[in-house]
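The lines below spell out each chain.
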Amino acid sequence: MKGLLANYEEAAAIILFCIGFSTLLFHRNMLKKIIGLNIMDTGLYLFLASMGYIDGARAPILTDVNAINMADYINPVPSALVLTGIVVSVSVTAITLSLTVRLYSKYRTLNLDEIYAIARRTEKEEF
Amino acid sequence: MDFICNFPFFSIVLCLLSAVVCSVLSGKAARRLTLCVEFVLVCLALTLLVYTVRTGESFNYTMGHVGAPWGNELRIGVLEALMASAFMIVLFASVLGGGTYIVRDITEKKRNLYYILLNLMGAALSALVYTNDIFTGYVFLEILTLTSGGILMIKSTGKTTLAATRYLIINLLGSGLFLLGVILMYDLTGHLLMEFMHGTVSELEATGEYAMPLRVTTGLICAGLSIKSGLFPFHRWMPDTYGNATPTSASLLSGVVSKGYIFLLIKILYRVIGTDSPAVGAAQNVLFVFGLCGIIMGSVSALRQESVNRMIAYSSAAQIGYIFVGIGLGGHMGFCAAIFHILTHAVTKPLLFLSAAKLTEASGGSPVFSNLTGAARRAPFSAFMFTVGALSMVGFPAFAGFISKLFFSVAAVTHSSAQSVVTLCVLAVSTLLNAFYFFRTVIRIYTPSEDVSPLVYKDWGFMVSSSLFLILNLVFGLWSQSIYRIIVSGLRMLA
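So the protein lines, in turn, are chains A and B. Position 50 (the first sequence) corresponds to 407 in the working numbering; numbering is contiguous. Position 347 (the second sequence) corresponds to 363 in the working numbering; numbering is contiguous.
Isolated chain B, as found in the complex (with noise of 0.2 Å):
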């Protein structure tokens, strides 16, 4: 075994200890620690997705000296690595961006406590999207969903505690029905080891026994964790939530964290239950129409808001409806563009969300849009990368956003006529509201106003990371021919 496969477990623990340092520190030390491991973890996870192209196979790492199919075991393909290296630049980025606003939300005595959430958050990042075991899948993904509340609630203000309750409260429902989907697939098949629980579900198929409580188990898996994520009808938590959080919490709850959910689901029915079981395929059906509302509910929603924070965070939701749509049409496409429009939404959501604050900040600190006529004088750096972000998401050409809608066309031309021509509608009405509520704020921030006063101070975090962000689009955007193969070959390996 290479040296390499020890890196998803060093990714693991040296998040946890270094969030055990973190304890002791101060918020400025803290942060320079929590900045050092996110690029490290950046770097080992570019490692493992460089090394697992080059050998085009995956591999499983046995934790502890317990093989399977008993002991607990970590895998890495090539999509597990992709996910992981793109999860952790957006960790590192949104941390880097949102220091100025880390400083301001959250007093002197707290802010070595929101780095150690930061390094929990990363471990259970990693852990969610290597692990092998269903188990260690659960409790790592309640580990997230701890941190995350708790990332939003350590801005005390009544408003945001309001919003974390209401964010965990709904979480909690998701992981208890989770919980039940897993505890009866345990049940079924005697595993927790994925392709051992795979293994049975396919004999239980090919007997035709347990049809229905396969069913049912797949419904509570994928309820749970679209819950969690935030699809329609449970995303009424995100413009509250992402409204009022400090401008990091919220670009990692939109970007990585529901991303995070929904890359196990993914990984649950491939390796678990199989795409091609037709328990699978029933939920696809139920997840498609959610979808599908989603997207046009979320849209509308951010026409109506008042605020640039509110209007992100309702587009969150209905990007969430994109990504169940690409599950809901399922076959490969369908899985393809779901895993591309993951990454897309995680790097440009955190540049929206990062240029909005620093807008609102040039512009007196409201987020309401009146407030933000002219922001563009005032800051002209983070209007140029809030219209970036704009413009990826409506689907702009040499954008990564064009090249997921792109994606998400072309699954649904390969799909049955019914579910491709309601999804081609969907999407050419959900493009033109895009259009119209981004294109109406980038308007409005760059309508000459009288009151110009720029922003004195240079914030070189945030210009590094929404560079990086820019970048990254315009990677997504322009070799989508090779992230393409990538996904396919990480596709191919889940299965």
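Just chain A, same shape as in the assembly (with noise of 0.2 Å):
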């Protein structure tokens, strides 16, 4: 309990993963499980960025070359990393976003098991 206080902004992000992560597979609307899918992934860039941050440092812009004190930066990998991130769960959500509007043309619906039960019946009218 005590390391759960300590480290509240990594049980944050981990709830919001979570969060995220059972909206993406359980939610059966097309915009939620987006929505759940960023919650996902800002949870994710949240426990990043926290864990590469150290109390009262700043960001490693170096001014002065010759007076370097390494404990006054912080880690600047994770953020790195969260921009990676960032851009790639930008992608993502563009293609899945492009994958909704094609589904709601044709299905005019965005509920997943509504488009599943028209997708069905269509298909047994085929044959």
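If you're looking for bench data, these hints aren't it; they were derived computationally from the structure. Do not take every clue at face value.
Here are the simulated EDC-like cross-link-like pairs (lysine to aspartate or glutamate), alpha carbons at most 16 Å apart as the crow flies [unchecked claim]: (1) B:K175 with A:E471; (2) B:K44 with B:E124; (3) B:K175 with A:E367; (4) A:K389 with A:E480; (5) A:K389 with A:E367; (6) B:K175 with A:D412; (7) B:K175 with A:E480; (8) A:K481 with B:E322; (9) B:K474 with B:E377.
Beyond 10 Å from chain B on every Cβ pair, some chain A residues (computed) [to be verified]: (10) A369; (11) I392; (12) M397; (13) A414; (14) R415; (15) S436; (16) S448; (17) N468.
Model, not experiment: these values are computed from the prediction. Note that the Cβ used here is the ideal one computed from N, Cα and C, for glycine as well.
Take each chain as given, in its own frame, and dock them per the hints.
So, in structure tokens, the structure goes:
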């Protein structure tokens, strides 16, 4: 319990991840699935960024080369990874949104169960 | 450093460049360029394979000017070169063989986009196989997922859109878990390059610190990658996806993309965590059980299908199960069997998908079994190739499938008693089921029927590519000892 309180950022990040993951897995509405995907990824980035942060330290931008004290700066690698990750999740979101648009224009609904039902019905008619 | 050491980097950049060029070309020109580039990739990968086998050691290639432990690296050993060669050959042959269907399924305006996606897929695959940096692995994993979603949804019917949605959702769940695993691993070790991560992991194991987080991380990585590759019970997207996509996409997804994920998993197990770690042992037991379930469920479901495409798709689910059983058995022979089966399946499934598409086309376009009666009269060459693929999948001697089943049995026998008995029983049952559903199809297509109107045109692309797959099948089946030696030395280099 003590550990959880001390690392409240990481705990919150994991809770966000779980919320997003279960939304992406269980929700039947496409748009809510995509929102879940974004919550999941954001949770991960929060986790990564908070792990790389050091209390009281600054961003590693060197102004005076002669007076470098490593303890003054945070680890820049997690921030760079977060940036890369954001790019990935933006493109994934874009492609799932475009799929959703297509599904809606074909089936006139965003609910996946209904879409499956319609698809099955049309398949039976074809045979 | 020899000039050859630049080849992995060349193959990634060449794909990216040709993807850019394809965006301004017509569909036909884009196809020619893509085929040329893929042929060059095959040559580059084969050269690397010969080079690494001859020198007998792996090499690291630094990307940019920042060296280890901070910079980004590629790493090429025998196994990476072998995998890259196999994947590139399958990529080349699937694109060559499915040409007529790409024209049929994809509108003129979008055809060059399809080749852009294929080029990006080539880049993602090469990077995934060669990378030594786990986060680069994640990024290219996502690119691979996106491109494979793209080659599914480009045939814009309702069914393929639905299948692509399902595929992407399952894959994104897997990516989320994998990314969490990678982040935790980075937090535990403080490194992104595989050998440095391994150094810290073995220190942690020696002191016994962070045993639980290590176990969780290993579990997350295994879960993420096995969900992405379609291990039971996450195989339900396969039939819809493979059944409705254009044949080239289906063969690439089953032959190459899911294998890319599995190879990354093997690489992480060997190079980051270490196969002798207790965390890996626990994960292997879980993978083993799910693999066995996958074999049985996949084969039983394949039996119950009414169309040939869906049958082959469920058979893919069963083959993924085999590979995970190999990983789950572990040890030297288990991993060998898993890798050999990756190769076998990669050169057999595309052959089945492409020839089934030809048979379907010759029988009026519907893939249901009742329609395929006597298809061998209408398309004799494709029927022959389908039979070859079926024999190999069932495990007929002289074909690759026989050798991989042999390796699995050897791996099972050399293992502890409980697991070995279960594995041998499942192998026997599944071979029987395989034989049943494949030969049922083969007998059906060779049953004489009234309606004989042969396919009139000659599809040279299909002939060349299916002959290539046939030759590879025979090579893996007849010269298995040398392939085995290559895999063994590759695994030794990985560790």
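Quick check: which numbered hints come out false for this structure?
Per hint list: 3, 4, 5, 6, 12 and 16 violated.
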